[in-house]
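Asks: Whenever a hint applies, use it, and build me the whole structure from the sequences.
No gaps in the numbering here: position 58 of the sequence shown is 58 in my numbering, and each next residue is one more.
No wet-lab data here; the hints were simulated from the structure. You may find that some hints are simply not true.
Label-pair restraints from in silico Cβ distances [stated by the list, open to error]: (1) L106 x W48: 14 to 22 Å; (2) T54 x G23: 30 to 38 Å; (3) Q25 x T85: 15 to 23 Å; (4) G23 x P108: 28 to 36 Å; (5) T75 x P47: 17 to 25 Å.
In silico PhoX-like cross-links for lysine-lysine, where the CA-CA straight-line distance does not exceed 25 Å [as the list claims (entries may be wrong)]: (6) K26 x K149; (7) K26 x K142; (8) K149 x K105.
Where is the CB? At the ideal position from N, CA and C, for every residue including glycine.
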Amino acid sequence: MFSVLFAFFGPLAAAAELQIEFGQQKWVFDQDQLLSIAPATLTVQSPWDDMPSTFTGVYLQDLLTHIAADASILTATALNDYQVTIDIPEAVSAGAFIAILRDGKLMPIRNKGPFWIIFDWNKTSSETNISLLSSWSIWQLKSLQLQPKQ
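Replies: If you want it as structure tokens, here you go:
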């Protein structure tokens, strides 16, 4: 179905892309490329949903390892240019996950897609602040700007 849409609409139907910057290095990953890094699933009920969903995506730690980025802070930017600054060690410790599929389907922009940083809110430890994780759970994600460890 996706290839049929692409054939008729060309770039308008192309897969969404996540842009990543780390110093002078830049990467652009589409959904399939991200899923090829280290695909994982996470079943969780977010604070914004009434029922659990199964998300498929990649853990932030696996993405950072893949691009060999030794970073400590990231700025995540949404399609509407909303930004949030995330402490990488704390987010990785809390299981930061970049969701690409929800219940086996690509997430449309109107439903928090194309990418959404989520956490397993059901397994957060006492030292993890659920309110902080919720503030880091940026949806309609378009880019990550990484800052090196200092």
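Asks: With the threshold set at 25 Å, check whether the alpha-carbon distance from K26 to K142 stays at or below it.
Replies: 13 Å, holds
Asks: Starting from K26, check that the Cα of K149 is at most 25 Å away, please.
Replies: Given that 25 Å is the threshold and the Cα spacing comes to 17 Å, the pair holds.
Asks: Can the restraint linking K149 and K105 be considered satisfied, given a maximum Cα separation of 25 Å?
Replies: 36 Å, violated
Asks: So the hint says 14 to 22 Å: do the beta-carbon atoms of L106 and W48 match that?
Replies: 18 Å, holds
Asks: For the pair G23 and P108, does the Cβ-Cβ distance stay inside 28 to 36 Å?
Replies: Because 33 Å falls inside the window, the suggested range holds.
Asks: Kindly confirm whether 17 to 25 Å is satisfied by the beta carbon distance between T75 and P47.
Replies: 22 Å, holds
Asks: Using the beta carbons of Q25 and T85, state whether their distance is inside 15 to 23 Å or not.
Replies: 20 Å, holds
Asks: Tell me if the beta carbons of T54 and G23 are separated by a distance inside 30 to 38 Å.
Replies: Because 35 Å falls inside the window, the suggested range holds.
Violated hint: 8 only; the structure is consistent with all others.
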